[in-house]
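Enquirer: One-letter residues, chain by chain:
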Amino acid sequence: MRFRLNGKQVDVRAPAMKRLLDVLREDCGLTGTKEGCGEGECGACTVLLDGQAVNSCLVPFGQVRGRSVKTIEGLRGRHPLQDAFITEGGAQCGICTPGMIMAAAALPPNATLDQVRVGLAGNLCRCTGYMGIYRAVKKAQGSGLKAQARTRAKAGTNRTQKAAR
Amino acid sequence: MLHGRTIRSTIPCGRIRSINLTSDPAGFTVVDYRSIPGRNVVALIADDQPCLAERVVRHYAEPILLLAHEDRERLITAEVDVQYEPSEPLLDPLRSPNVFKSIAIHKGDLEAGFARADEIVEGEYRVGHQEHVYIETNGVIAVPGDGAVTVYGSLQCPYYVQKALRVMLGLPAERVRVVQAETGGGFGGKEEYPSIVAAHACLLALKSQRPVKLIYDRAEDMVATTKRHPAIIRTRTGVTREGRLTAIDIDVLLDGGAYMTLSPVVLSRGVIHATGPYRCDNVRVNGRVVMTNTPPNGAFRGFGAPQTQFAAEVHMERIAERLGMDPVRLREMNALRAGDTTATGQVLGRDTSALAVLREAVARTDFKRRRREMRGTRRGLGLALFFHGAGFTGSGEVRLASKASLELTERGARILVASADMGQGSRTVHAQIVAETLGVPYEAVEVARVDTASVPDSGPTVASRTTMIVGGLLERCAAEMRRTLGRLTPREYLKRHGPIVITKQYEAPTTAVFDEDTYTGDAYGTYAWACDVAEVEYDPVTYEIRPVHITAVQEIGRALNPMLAAGQIEGGTAQGVGYALLEEVVMRDGHMANAQLTNYAAPTTMDTPRIDVVIQERPYRHGPFGAKGLGELPFDGVAPAIANAVRHLGFDVRALPLTPERIMNAPPVRKPK
Ligand code: FES
Ligand code: FES
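Sequence order for the protein chains is A and B.
Okay, so the first sequence: first residue is 1 according to the numbering used here, each after it adds one.
Okay, so the second sequence: first residue is 1001 according to the numbering used here, each after it adds one.
Hints in this document: simulated from the structure, not taken from any laboratory.
Keep in mind that this is a model prediction, so the values were computed, not measured.
Check each hint, because a few of them may be wrong.
Below are the SDA-like pairs computed for lysine to any residue, each with C-alpha atoms no more than 20 Å apart in a straight line [unchecked claim]:
1. Lys139/A / Met1563/B
2. Lys18/A / Met1563/B
3. Lys18/A / Asp1071/B
4. Lys18/A / Arg1072/B
5. Lys18/A / Met1/A
6. Lys1213/B / Thr31/A
7. Lys139/A / Arg1610/B
8. Lys18/A / Glu1073/B
9. Lys18/A / His1003/B
10. Lys138/A / Asp1612/B
11. Lys18/A / Glu1070/B
12. Lys18/A / Asp1612/B
13. Lys1213/B / Asp27/A
14. Lys138/A / Met1606/B
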C-alpha cells in the first residue's frame, strides 16, 4: 500500500487491519513511536496523519492509503521542540516523549498555556508532571517561529532563483 | 525470536487440578514449574513466592504456565484450560492471621504522656493501592547461550534480577548476564517485579534455545504486577491545650498481598516516618504487614512513608481543628529541630529544616491571609509538612556494601555503576560529580552501560540513594583518581603507567548505629524536609475537587542539577495529585477490576495543577557536595496537603482518593468545642 512516510513516498505490504503503530515499528523499522496502552489513552503512539495528531494504535493501516504520515523520525532530531525538550527538562524517561513532541508539533503556533494543556491532554507523562513539557513547548514556540521565518526566507530565495532560471 | 506469554490464575485462591493446552501445540514452547532447573522461587527477602505455581495458587493472575511461539497471533489466541479446586480467599487484611512482619517502636513513657494531655485526638486513616503507570510496561528479552543466559530488560535493579535468576536457574553469576535497556519509567514498579518477567523469559529461552521477548500489555501489567501497599492507620495523640504533643500512639497495618516481596522493608520505612516530622517524647508505633490473597504489593516511590505521613498530617490538621488552633502554629510548635530526637531516638543534625520549609511555604503562599479569605468560598487551602530519610533503612547500606568504579580514559573517566537511569537523570548527575571532583569537563566523563558483566554491584536503584550514596562513592573514586594523576593529564598518565580502575565500597559515615531488635538509633544518614501547600477548588454540583496550585518547598541538601531536581519534584508532586484525587484500584474478588488506563486515571495535563518548586539547600555532611536523597520526598506530602485543603472546605475526609463519592459522603468538619 502506498502512502507518504516522513516526506517520502513508500509502498508497504501489511494487512489492512494491522495497527499503524505496529506497521511503523515492525514493517518500517521506525521504533520511535511507542506503545503505552494500545487503547487510545496514553498518546505514546502519537503520529501526524495529514498533519493531525492521531493515536497510531487506533488507526488501522488500511486508513493511511494515499495519506501522509509523520513520525518522530521525520523530525530528524532537528525540530526546535526536540532541542527544547532536552534543555527544559521536558523529557525524563523519554517513553512519552516522541508522542508528546508529535502532539506538540500539531499545536497552533503561539499557543497559550491553556491551548497547550488541552492539546496535550491525550498524552500521559508519568515522570515530569508536565511542567517541563510546558516550558519546552513555550521555548520551542519562541525559537520555532524564528526558525520558520528562516526557512520561509530560504524557500523564498529558492523560488526566486528557480524563476530567474 | 519467539514471543512469550504468561498463563495466569483466574481465581484468587485454590488448588490446580489440571492444565491443558487445548490449541494445536505445533511450534509452541511450553514451560511449567517442572522445567525450572534450580529452585522454584523468586529470590528476594523470603523465598516464598514461586516462579511458577505448582499445585496451589494464592492470588489472581499468579503465573502458572509459559508459552512461546514465533507467531504472535497464534500465541495470543492459544487456549489453555486450567481447572481449579477453589477455596475461600482471604481478602480483608484486618482479618488476616498471617503476619509477614511486625515492627514496634517505643520511646519514652506513653501512659505518662497521655496523662499529661489535655486533649486526646483519635482517628483512622485509609489509603488504597496505587498503580505505577510507568508509560513503558514491563518487558525483557532473554537470549540463551551455551549454558548461560543474557537478559535485556526494562528494570531498576540489575543485580536483583541476576540473583533471582541464579537461584532459579541454578547457574553461577558469570553465566547470568543482565543488561538494563533504556527504561521507560520505574518509580519502584521495576524494582522487584522484573525478576519474575526475566525468570519467565529465561525459562522459555533456555527450553526453546531461541531468544524470547516477553512484553506485558497494559492490562496484564496492571493486573499482575506490584502496587503501592494499601494501609489502615489508627492514631491516638495526646496534646496539651497550648498544642504540645505529649504522646503519640500509632497502629499501622499494611496489606502485603499474597507473598512477602519487599513488604517488611516497606513497613519499616512506614513506621519510622509514621509520626511525621514532629517531636514527641512518648511514642509507640506498632506496625504489621499481613498476607491476603491478592497480587503481591511492592515498592513504589515513597515506600511506606506516603501512607503513614498521609495519616500523620491529616491527623495534625484534626488536632488543630480540635484545639481551634492555627494549623501552622501547631506545626511550628512541634516541628523537629536540630538536636531533637526522632521516634527511634535519632538525634537530628544541623541540616534539619522542618521549620525552614514550613515558614518559607507559608510566606510564599501568604497562607494565613489567603486561608482566611477563602473561608466560605469554593476554594480551600491546606498544607502538609513532611520528611524522608534517604538510603536504605538502618544498617541496610552497610549490609549492601555497594561498590562503584571509575576507569581512567584518554579524555577523562568512565563511570561503572549499576544505577539504572530511568528518567531521573542519574547518568547526568553522576557524570557531573565525577567531572567536578576530577577537574575535567563534563563531556570528558562517560557512563558505561548498566550490564552485570561489566559494572560492579552498586546496589539497587531505589530509596533515593543513587545520588547520595552511589554518587558519594563516585566522588571518592574521583578524588582518589585525581590524587593518583597528580599533575598528569589522563592521556599522559595512561601512557606512562597504564590503565587504572578505582573502586570504592560503602562505609558507614559516622558511628551511626541502628538496632534492628529495639528499632532504636540512626534510622537514616539524614533526612530531606518539605512542605507542600495545596490550593483546590470544589464544584458544589459534581463534588469534584480540582487542584489549582501546589507550592512545593523542599530542602534537599544540595541540588546538584537544579533542572533535574525540579523535574523530580514536579513529577513526584503530579503522582501525588493522582494518589490524592484520582487513582483508585478497584479490587473485586481479589483482582483489579479497572486494569485499563480508561478507568484507572493517572493525571493528564488537565488534572495536574500548576506546580511551583522552591528548593532549599542545607548541605548534608556526607552527601556528595552536600546532596541528600530526593527522588521520593516530593511524593510524600501531596495527598495530605490536598486532603487538608479539602478539610478547609469543611469536608471531614480521612481516606484516599478524594473522589466525588467520598466528598459527597464526607461528614462536615466539626467546629472546635
Ligand atoms: S498506545 Fe496508543 S494511545 Fe496508548
Ligand atoms: S518522561 Fe517518562 S513518561 Fe514522560
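Enquirer: Hint by hint, say whether it matches the structure.
Expert: Hints, one by one, checked against the model:
1. Lys139/A / Met1563/B: holds (15 Å)
2. Lys18/A / Met1563/B: violated (41 Å)
3. Lys18/A / Asp1071/B: holds (14 Å)
4. Lys18/A / Arg1072/B: holds (13 Å)
5. Lys18/A / Met1/A: holds (12 Å)
6. Lys1213/B / Thr31/A: holds (16 Å)
7. Lys139/A / Arg1610/B: Roughly 18 Å separates the two Cα atoms, so the pair holds.
8. Lys18/A / Glu1073/B: At roughly 11 Å apart (the allowed maximum being 20 Å), Glu1073/B and Lys18/A satisfy the hint.
9. Lys18/A / His1003/B: holds (18 Å)
10. Lys138/A / Asp1612/B: holds (17 Å)
11. Lys18/A / Glu1070/B: Measuring from Cα to Cα gives roughly 17 Å; hence the hint holds.
12. Lys18/A / Asp1612/B: violated (44 Å)
13. Lys1213/B / Asp27/A: holds (18 Å)
14. Lys138/A / Met1606/B: holds (17 Å)
The structure fails hints 2 and 12 (numbered hints given earlier, in ascending order).
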